[in-house]
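Engineer: For reference, the chains in residue letters:
Protein chains: 2
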Amino acid sequence: MPIVSVGKRNLEFLLYEVFDVLSLTHHKYYEDNDREMFDMVLRTSLDIAQELFLPILKEMDENPPRLVGGKVKVHPAVRTIMKEMGQGGWIGATYPKELGGSQLPLMIDTACTFVFSAANYSASVFPLLSKGAAGLIIAYGDQDLIATYVPRLLSGEWQGTMALTEPQAGSSLSDIATMAEPTPKGYYKLQGRKVFISAADHDGVENVVHLMLAKIEGAPVGVKGISLFVVPQKRIDDDGSLVPNDVSTTEIYHKLGYRGSPIVGLSLGEADDCRGYLVGKPHEGLRYMFQMMNESRLGVGAGAAAIASSAYYAALEYAKERLQGRPLTNKNPALPQVPIIQHADVKRMLLFQRAIVEGSLSLLMQCSQYADLAKVLGGKEKEKYRSLLDILIPVAKSYPSEMGVLSVSQSLQCFGGYGYCDDFSVEQHYRDMRIHPIHEGTTGIQALDLLGRKVVIHDGLAFGLYLAQMGEAIEAAQEIGELKRYALQLRDALESLQRATSHLLSLAQSQGPERSMADATLYLEFFGIVTIAWQWLLQGIAAQKALKNGRTAADANFYRGKLCTLRYFFGYELPKTLGLSFTLLNNDGLTVEIDEKTFVE
Amino acid sequence: MPIVSVGKRNLEFLLYEVFDVLSLTHHKYYEDNDREMFDMVLRTSLDIAQELFLPILKEMDENPPRLVGGKVKVHPAVRTIMKEMGQGGWIGATYPKELGGSQLPLMIDTACTFVFSAANYSASVFPLLSKGAAGLIIAYGDQDLIATYVPRLLSGEWQGTMALTEPQAGSSLSDIATMAEPTPKGYYKLQGRKVFISAADHDGVENVVHLMLAKIEGAPVGVKGISLFVVPQKRIDDDGSLVPNDVSTTEIYHKLGYRGSPIVGLSLGEADDCRGYLVGKPHEGLRYMFQMMNESRLGVGAGAAAIASSAYYAALEYAKERLQGRPLTNKNPALPQVPIIQHADVKRMLLFQRAIVEGSLSLLMQCSQYADLAKVLGGKEKEKYRSLLDILIPVAKSYPSEMGVLSVSQSLQCFGGYGYCDDFSVEQHYRDMRIHPIHEGTTGIQALDLLGRKVVIHDGLAFGLYLAQMGEAIEAAQEIGELKRYALQLRDALESLQRATSHLLSLAQSQGPERSMADATLYLEFFGIVTIAWQWLLQGIAAQKALKNGRTAADANFYRGKLCTLRYFFGYELPKTLGLSFTLLNNDGLTVEIDEKTFVE
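Chains Y and D are the protein sequences, given in the same order. Counting from 9, one number per residue, gives the positions in the first sequence under this note's numbering. Counting from 9, one number per residue, gives the positions in the second sequence under this note's numbering.
Just chain Y, with the same shape it has in the complex (with noise of 0.2 Å):
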């Protein structure tokens, strides 16, 4: 059985000396935590990882679930997994403990979700989306949901899900056309139809609750007549037994990769006796469901990164043993082959997938601790960390994913003829990860979403934050002596990217939306390597100042380790930004112009 790689010490490294995570048990709602605490913690968090999710992941991928007779099957351990998931507490782990859950920081939240899906992506998902959907209830839901689902949720009985897509209401979630009629008894009658619904039924739990959008009956048209209803799988009849609540399962989707995860079309209401409880009020579901979806755009981002990961530790572990070949400068024929990690082009791509795991990794630690701080804190200094987070969500989870499907690719590179055959798990990686530039959100929409809203809101207040953050690293870095060049680098990468901005929001103002917003998914990609230089930069701050102290070998190769990197990410990832910054720059239109029928065949 392998041994779950996860980059355990890169774990500490962020969230104690990069981030300082502990500094947060200053703050009241975290305040019976201390380091003994977050490494057991994360000590469990690995050892669930090697037992239970581990041994599964070519079975889950190879025996994907099926559904029979109207119901989905899924592989066995899906219900142990579901129930150590909650009876250990990590579906509320972040949660109060009033609520049952544990009050831990998202910061070690997420390594514990980067542990778990990297050693078994499909099988992560299930308490995630639990944890997402209870979150909701908490967050909006009335005392009577609360008590009914949440404690369900977090112990791992019932699955949550988020059921937002539509056949006709993908991208567009305006288009939703799911009907929630109104009852004398409080409840809503719902009828339609929901695609790409993940875990939405299985044979691993109890129950499942949809946390569903719906338009009331009357309801404006558009985003704005979308409400939000709990709408279980069963229903609690009025003798307290599970009955069935007429949602049924149409159809499971047969995927490239994310096997061992159902995802299933569901039919509402074909009895006309399928109910749902409003959560919150009505009308403002989008509104509901966007603020939990930040945590969950984390999540997919936080999974990419984890599948890259393993890939990664997968190629590296390889590289150390594969003879082939010999050193440019000597390659008489006679002596023996070297490990091909010893050849530059193959040390190149493992720089590569170090640079883009651990960036990644680092700015969802970042986002964490954003959105640690924001719930702590009141008044400006909570908005401050809440828009924050607001702004590096579309590339907290648009990098690790565009990037890591990269990354992935060169892990399988790495192993040539080898990693295209299923001896080794890179290949599934490679399909697993496919799915993240896609669900939550494709890319597409979340470069409208950063340069059409959080770019602009108030008047540009997040942008200006996330500058501000970005040149306090600067200054930092500009008065360690080998940080310097890098430091004054991302500077004129900053200047670059604020250059490009200021000339699309003039193109909206000059040419109208379609203009300025057709390169929207380059400018997330430039935004996305200046952050992640940014986050390279943080990481060289804590390794330059570990150095100084002193270190056993060990340890300094594992700064040095960082440094390298660092100098690889400014060496190779942020010149990426010239092209970028010259294509934004010199657009002229092309893209809205072009008329459709110049594609023939």
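Since the hints were made in silico from the structure, they are not lab data. Each hint should be verified, as a subset may be incorrect.
[Claimed, not checked] Calculated pairs, PhoX-like style, for lysine-lysine (alpha carbon to alpha carbon, straight line, at most 25 Å):
#	chain 1	residue 1	chain 2	residue 2
1	D	K328	Y	K605
2	Y	K339	D	K605
3	D	K492	D	K556
4	D	K232	Y	K339
[Said to hold, decoys possible] These stretches of chain Y come out as covered by chain D in the derived footprint (C-beta under 8 Å, 3 or more residues):
#	stretch
5	12-24
6	247-258
7	461-467
8	498-511
9	516-529
10	555-566
11	593-605
Note that CB positions come from ideal geometry on N, CA and C, so glycine has one too.
Given the coordinates of chain Y, work out where chain D should sit on it, guided by the hints.
Structural biologist: Frame of chain Y, contents of chain D only:
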């Protein structure tokens, strides 16, 4: 049944308008051909692709070959396809008539390869391998070998293979350990193991003929001691019957994609009775194999471009039909949704795919034209076109492969969640495509070949010829008002490529090969983008010319689409060279210096 989509209009444009394949018919070897013949060949290839290849695309993926009782069983249609490819003259299309060929230009053959591969890549590989094996025997084998093997390979009765790789000798061919012991009877006795051999055993043919690299006892170490042998699976006994030749199939690989084609491991001479027949002279095997490999690498490029093409047309069709969202200028949810092709971001994604697919195919046609000319011309002219072909081969193999992976990924993205499911063929294309950066020499190997050999051999002769070809195109485009700015942009990029080349070559002098070759892969990428920009300029010149001559509306749309894609390439792809140039010029030796020990878990 879906219709095979290959861009027939585009193939005709490249063949007749950009590269003027008819001008080849002035040469004696091609003199029996004319437009009517070429059109007929192309039309027939489309019919066969539609009738034989496309219907089993998914079946072959879902029912991969199995190793049963030491024998590989493939999809039964493989037998029909081999028969048809043989009897129809497709395997021998480019070979001399006296050997049973048709003396068609490689340009036409490449177009047909593209058509077959676009319909079903796995199925297309069987005849391609036989063509390659026959070509090697024709070029270097004696009359006996030619008479015994070529007719049966060209007829499709027997399968040809290229058997190079061994467990310890993948990229490093100098480490081949299969041994060949001479016998007094003239044949050799072989012993060893081969892995990752395509189509090396299957029940769709009567026999398999391996073109195999091995070392004769006492040969020099390394690549200078490698010889080439014909090693049949069954040899011809004295009485003319086929008897087993002690070649056994030891394993079959379970692959991510490209699953219809059997890739197997072979064991040779377990009973000390495996006979091989030397091709040409001893120790010259690698040189022979590499000459042939030029054509195989073009074949991989064509296969990659073909898969990307299929995925592109599928995405285009979907984008025209799928309704989602509304124009940014009028998002009123009461209005109907629009086809997603109306969104600028989707048009950008489609233009990206088109730019990669048609740019790659153009380069493949360019290379085929050079090969066709080198075949029939003599002296300096022959050397010129062979040199141009040599320097472009690493690009023609790697650009369609690397960029094709990204292109298919964008195709998949156009489908959203549906692209991740097997309802559409694009998820299969995504898997099938990923082999291309690996087989027939990985991208890293192509990069070493380009920068370490092709750019420098004969004092940079090939590179000089390449620059001259580019210069001619730039000059011609400068004369056309609409194209002048692209001509100037390409001139700048070319100067930048020359600067990077000089820099790397001077690094080789001052710091040795490790430093100069460390970023060979980035250099290859840079070279590739500039090369494809040149191909788009050539296509732009032809399109402008056609538009000036007055066209029907449908045709005008085709040419305007070409010019839009040219504009896309110069606006979005060529600027990527800015970052590559920066990185190449500023490389500080990181990937050579970095200590492996800094890669810690």
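Engineer: Decide, hint by hint, whether the structure agrees.
Structural biologist: The hints, checked one at a time:
1. The hinted pair formed by K328/D and K605/Y meets the criterion: a straight-line CA distance of about 10 Å does not exceed 25 Å.
2. Restraint check: the Cα-Cα separation between K339/Y and K605/D comes to about 23 Å, which is no more than 25 Å; the hinted pair holds.
3. In summary, the hint linking K492/D to K556/D is supported, as the alpha carbons are separated by about 16 Å, within the 25 Å threshold.
4. Between K232/D and K339/Y the CA atoms are separated by roughly 13 Å; this keeps the pair inside 25 Å, and the hint holds.
5. Interface restraint, the stretch 12-24 of chain Y with chain D: holds (4 residues with C-beta to C-beta distance below 8 Å; minimum three).
6. Judged by the Cβ-Cβ criterion of 8 Å, the stretch 247-258 of chain Y is not covered by chain D as claimed, because only 0 of its residues qualify and three are needed.
7. Residues of the stretch 461-467 of chain Y with a Cβ under 8 Å from some Cβ of chain D number 0, which does not satisfy the need for three, so the listed coverage is violated.
8. Only residues whose beta carbon comes within less than 8 Å of a beta carbon in chain D count, and the stretch 498-511 of chain Y has 0; fewer than three means the coverage is violated.
9. For the stretch 516-529 of chain Y, the stated coverage by chain D holds: 8 residues have a C-beta nearer than 8 Å to a C-beta of that chain, and at least 3 were required.
10. Given a C-beta distance limit of less than 8 Å, the hint that chain D covers the stretch 555-566 of chain Y holds, as 3 residues qualify and 3 suffice.
11. Only residues whose C-beta sits within less than 8 Å of a C-beta in chain D count toward coverage, and the stretch 593-605 of chain Y has 10 of them, enough to reach three; the restraint holds.
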